Amino acid sequence: MKQEIKAPKFTWIDIHNPTEHDIKYLKKKLNIHPLVLDELIHPSPRPRVEPYKDYVFMVLFYPIYNVETRETSSRELNIIVSKEAIITSHHETIPPLKTLFDNSRFNKQSQKIYLSEETGQLLYYILSAFWQNCFKKLEKIDKRINDIEKHIFSGKEKEMVLEISLVKTDIINFWRIIEPQKEVLESLLKEGLKFFGQTLIPYFSDVLGTYERVSNTLERAKETILALEDTNQSLLSTRINEIMKVLTILSVVMLPLTLIASIWGMNFPKSLPLSNSPMGFWLISFLMLTVLVVMVFYFKKKKWL
Amino acid sequence: MKQEIKAPKFTWIDIHNPTEHDIKYLKKKLNIHPLVLDELIHPSPRPRVEPYKDYVFMVLFYPIYNVETRETSSRELNIIVSKEAIITSHHETIPPLKTLFDNSRFNKQSQKIYLSEETGQLLYYILSAFWQNCFKKLEKIDKRINDIEKHIFSGKEKEMVLEISLVKTDIINFWRIIEPQKEVLESLLKEGLKFFGQTLIPYFSDVLGTYERVSNTLERAKETILALEDTNQSLLSTRINEIMKVLTILSVVMLPLTLIASIWGMNFPKSLPLSNSPMGFWLISFLMLTVLVVMVFYFKKKKWL
Amino acid sequence: MKQEIKAPKFTWIDIHNPTEHDIKYLKKKLNIHPLVLDELIHPSPRPRVEPYKDYVFMVLFYPIYNVETRETSSRELNIIVSKEAIITSHHETIPPLKTLFDNSRFNKQSQKIYLSEETGQLLYYILSAFWQNCFKKLEKIDKRINDIEKHIFSGKEKEMVLEISLVKTDIINFWRIIEPQKEVLESLLKEGLKFFGQTLIPYFSDVLGTYERVSNTLERAKETILALEDTNQSLLSTRINEIMKVLTILSVVMLPLTLIASIWGMNFPKSLPLSNSPMGFWLISFLMLTVLVVMVFYFKKKKWL
Amino acid sequence: MKQEIKAPKFTWIDIHNPTEHDIKYLKKKLNIHPLVLDELIHPSPRPRVEPYKDYVFMVLFYPIYNVETRETSSRELNIIVSKEAIITSHHETIPPLKTLFDNSRFNKQSQKIYLSEETGQLLYYILSAFWQNCFKKLEKIDKRINDIEKHIFSGKEKEMVLEISLVKTDIINFWRIIEPQKEVLESLLKEGLKFFGQTLIPYFSDVLGTYERVSNTLERAKETILALEDTNQSLLSTRINEIMKVLTILSVVMLPLTLIASIWGMNFPKSLPLSNSPMGFWLISFLMLTVLVVMVFYFKKKKWL
Amino acid sequence: MKQEIKAPKFTWIDIHNPTEHDIKYLKKKLNIHPLVLDELIHPSPRPRVEPYKDYVFMVLFYPIYNVETRETSSRELNIIVSKEAIITSHHETIPPLKTLFDNSRFNKQSQKIYLSEETGQLLYYILSAFWQNCFKKLEKIDKRINDIEKHIFSGKEKEMVLEISLVKTDIINFWRIIEPQKEVLESLLKEGLKFFGQTLIPYFSDVLGTYERVSNTLERAKETILALEDTNQSLLSTRINEIMKVLTILSVVMLPLTLIASIWGMNFPKSLPLSNSPMGFWLISFLMLTVLVVMVFYFKKKKWL
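Chains as they are written, first to last, in my numbering: chain E, 859 to 1163; chain X, 859 to 1163; chain Y, 859 to 1163; chain D, 859 to 1163; chain H, 859 to 1163.
Source of the hints: derived by calculation from the structure; they are not laboratory data.
Computed from a predicted structure; not experimentally measured.
There could be a bad hint or two in this list.
Each pair may be met inside one copy or between any two copies, as identical chains are not told apart.
What the hints assert, rightly or not - When the alpha-carbon atoms are kept at most 16 Å apart in a straight line, the in silico EDC-like pairs for lysine to aspartate or glutamate are as follows:
(1) Lys1048 with Glu976
(2) Lys1008 with Glu926
(3) Lys1008 with Glu929
(4) Lys1016 with Glu1100
(5) Lys1161 with Glu1017
Input sequences plus hints: build the corresponding full structure.
Right, dumping it as structure tokens:
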């Protein structure tokens, strides 16, 4: 699906799910190399910037968090920027781009901001929206981390093991998506100088600054969740060790008593002592009690109980 | 609640819990954009500096340690600085700001220091008080770390697991609050040049220096508590392993004796050896004793006991 | 096996499994030091660049993943570059080099790109192909990491222990092969200036850029697999601890019951209480049931079950 | 206790345990701000340099290792340097300062080195002695690390757990004392330029170099002890796991035999098989032996034994 | 033992185990400070460079791996370089120095390389041989790491615990010996400029480059062995946990059966059910079998077996 906006100095063409037909249209209208247009259709393995003589071709990846599968996946966005046109192409909806495009179409005030200047400025607004949007995701991650912290210290260590693992994986996947795009922004800053001229440098360096903030916040979240994981593990293992120790002591206390009972259960009708005494059972019971008391006393003294 | 101090060259307006009424007052008195004033009422997600034509808008977060819940939370402080006025707005009391404000109102000597120059100087004193105050908190953390260290080496490993986790979480939360404010101070240094002029640069770089010291001290505290956590875990696990080993050996020693007793407890009236011998019980008891001695000797030789 | 391509300005000699005969041929045709030619035959311990007066000698290592043994090994590639000739020598087939060589021989278009300029340009294409090819391997590693992640969270922790170890070892071996080649590329950039002149600097710095991207991606993969290993270990140990706890509780519950049974199995015909009562067995069975219920209740209350 | 040395160009006043009386003397003799002099009496929380118009005030901390409590604590040293005098004030004896002071008083040759120049040079010698002295401590730490290493590999893992923890804590405490003093030396280099002039810069940068060496050596010691702790833990846990496995197998082997004995201990006078056979006992004993052999064989085959 | 080589422009004096006699000889022949000569006899604590007016004094440490004790120790090498002479002094044989010295004495071609220039060039060859030699050691470490990797993945985890610890300790000791010498090389580069002049700078920076390569390779080896240690530990603990789980299940399965047997072993001649029934034994045996089957089925269902 192809949509166009006519700005005073350029055209913005947004293509959702580009078809062969769209590619032909672009080839005819703008003088873009067929190999570049081909890339709009096929998925790219990694983000990059490729400067050509009359235009710049960019591949970006936008992180999307799926609430149901609890996974962060990435959606590809291809951008071609020339002097006369900016083409944004994607196979799936990319929310901040959609918002920007719709505002540019229907909202007068937004049009004044986004469309009154060169294509470089619009590229800046697209990239900026892209990164600003990551903050919302970071706030959600922060909230989950705070929840985990509260639960850890109220005795729900076991339940938190999986939640911590999920949040950690979420952070790492997010980081794996955004980290490689640093090079894109850096080379845009370098290549952009030649293509867009000096005036746009502060804009692109502002986007790079936003990226740095996102990256730092993510780094902090990563360190925090790692520390919480350690804390949770150490609380959990202290607790389970304590339980196992008590259980083992219980077993150990039972065993000598069972041994004594077994000894007087042996079939020695002629030699088993006390066997025929009328007090026999009570004497042995008293022996067992004594052994029990001595063991409990010993474990208490050793501070094992 | 709004309070004002008239300084020779500017007005200091401190607002506790700003209301719509206060916002209107500020809008009328000072020519500040409504969107900025709006931010005074709503909480902001993160610290930042926003330079405008006639004023600078800042959002800072001040870490507060709650003794009861043993948690470090943050309180937001909004500052608007123009040539003629400095506005500080907050929803909760921020101790170092309160001290500074009260001193500026009632103490002649403090007035001479804080209020005789431009707004930039006062901003410096506010920021400086803000960061100097963190040192007190750091000293408390240091004290708790030293206490933990003493307890670990006097055999209270188990009791320290939770305390270490609490201090670690406290440090990490403190760090998550102050770390993002580095960018605020850095961009203040950059933006401040345009707005406050060259003379204030050494002041702001002094605040940045204080921040660096706080950050370094916190970093050291973090490394120390992590090392103590490791130490505690290894002492604790060595101890519990030792206990479990001894307990298991006790069980293992009981089992063959019980087996022997059970064997002579079998009902074979015609074939059980020694069953009718008058020394039967004592011979088997002697066998058990021999097995016991051999096992203890074996475990001693293997250095398991 | 020796193969030659005549380019307008130079000759490309590719030698597979160089023999003494090949060495003599090279010595006669090109004025290269016998010691350097010797190195073509013997394996080298590490990658390096050695600039001589009329030529540059390079040793590179290409990582090859063996699907069967699941191991990453390296293959040596020796390159001698002079003004008139470029010699590539190797003992085993190096896929990206083979592709490049075959294209240069049979494909007109490739010839125009690779062979129309100086030897420096061809060296750039060889190095570039070399590093570009690593991305394919990285994508395979990425795929395996994603698979591991999915399996971890669907309860196959135990099966993933070995797979995680294999992927981690694979990443580390890959990294150990490519990491030392950074110095080669850096010194090529430095030495290359003298030998190939200013024009080739952007080319070699482009190869260095590709290397950096490979290295960064590998670093990210390493961090991810380490995090997944931690996650897997903590899920696994939580699970196994839980199982061990339940098993231990089962044992502990059995032991007092066995003790009671053993006590009433003792041979005290005259003193064993209830022994001759017609309800004896049922009373003791009821006692056992009571003990069982109390213990289960106690463990439930302690939240151990 | 106050002691003075008259040098050609300045006076060196060393005060041990400064009293109000000493403070008054200093205030009268040298024109120093009362607030600075006050600091000589009260302990300071952290090291720092404060430049004034006519003098520089410094707070340093010297690490002292207490052999008895096995703890590293710090002692405060206050220094005031003006053109005409250098004042060193401390509450406890600081060995390297004492040596320097005594040498300057009684040793002609030392006097020529330490006292013939400006106060800046003497400050250099004090700081230098301060840091050089740390090397002795570092060598002691090194010796303890080497001892630990020897013991770990000769089977004393358990005994080393506490020793490793003590050395690690010692290193960390040492590091926490000296690390903050880096800022002192750096700001001395910066501020010193204004106060002492260009000639003293190489001296102070030499002290900073010594500090860097101490800091690097400490960093190395820290990494080494951490690696040894890991090694010790893994050797220890491998050993204890092995013991536990063998003990558990012993228990498991006993249990089926006890079960068989218990079965033939049941009171079924009419239905217990073999009970009245003259070979009954021996048949069951043979059954037990068979079970034992099968289990041992099975565990051997599984490589658990 | 003192040996001398006369070069055209200087003398090379190599002293093995310097005596008072040798020191006197050097003092007489070359104008070197007695304190420096003293250092040749006594061991030095750490590597360093000390520039004097007419000569440079250096202390280096050479790592030697002892195959028998499997330990890496260091041997001290003292070098004094003046314009007219180079003195190398050591208490133990240092292989690369010995090779260089012997070649310089007996091999014409080596003499032309090593002895025809100034003392600075010879110093370069000594240092270079020193560091080049480290690569052989690094290759041995690499070989051991590869062996460990192979063994880990072929089921010899337990045997590898000690071997990994030994290799790790070896790497760390090697690193502790060479790391401090970086400062020596760096200060040689700085001081050397004054003493040896501009021409030798590229030589010394080449030695520093070799050092960097050694250091990087060692760093890689350290990271690899740490990763292998982790891998080994996780494989080992997964295996041992699995064994312990199976063993514990075996115990748990035995216990209820033993309890049932014990219950019917109780002495209740009048009330024990089925006791006198001719099918009693078989009914209870069938009960035991049922319990066994239910438990095995339950554990299978829970995936614990």
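Inset, instruction - At 16 Å max between alpha carbons, let me know whether Lys1008 reaches Glu929 within a copy, between copies, both or neither. - result: So Lys1008 and Glu929 pass the 16 Å test across copies only (10 Å; inside, 23 Å).
Legend entry - Up to 16 Å CA-CA - Glu926 versus Lys1008, copy category: between (24 Å within a copy, 15 Å between copies)
Inset, instruction - Evaluate Lys1161 and Glu1017 at a C-alpha cut-off of 16 Å and name the case that applies: within, between, both or neither. - result: between (30 Å within a copy, 13 Å between copies)
Legend entry - Within, between, both or neither, where Lys1016 and Glu1100 count as close if Cα-Cα is 16 Å or less: Both ways: Lys1016 and Glu1100 sit 15 Å apart in one copy and 9 Å across, limit 16 Å.
Inset, instruction - With 16 Å as the alpha-carbon cut-off, assign the pair Lys1048 and Glu976 to within, between, both or neither. - result: neither (18 Å within a copy, 28 Å between copies)
Hint 1 from the earlier list is the only one contradicted by this structure; the remaining hints agree with it.
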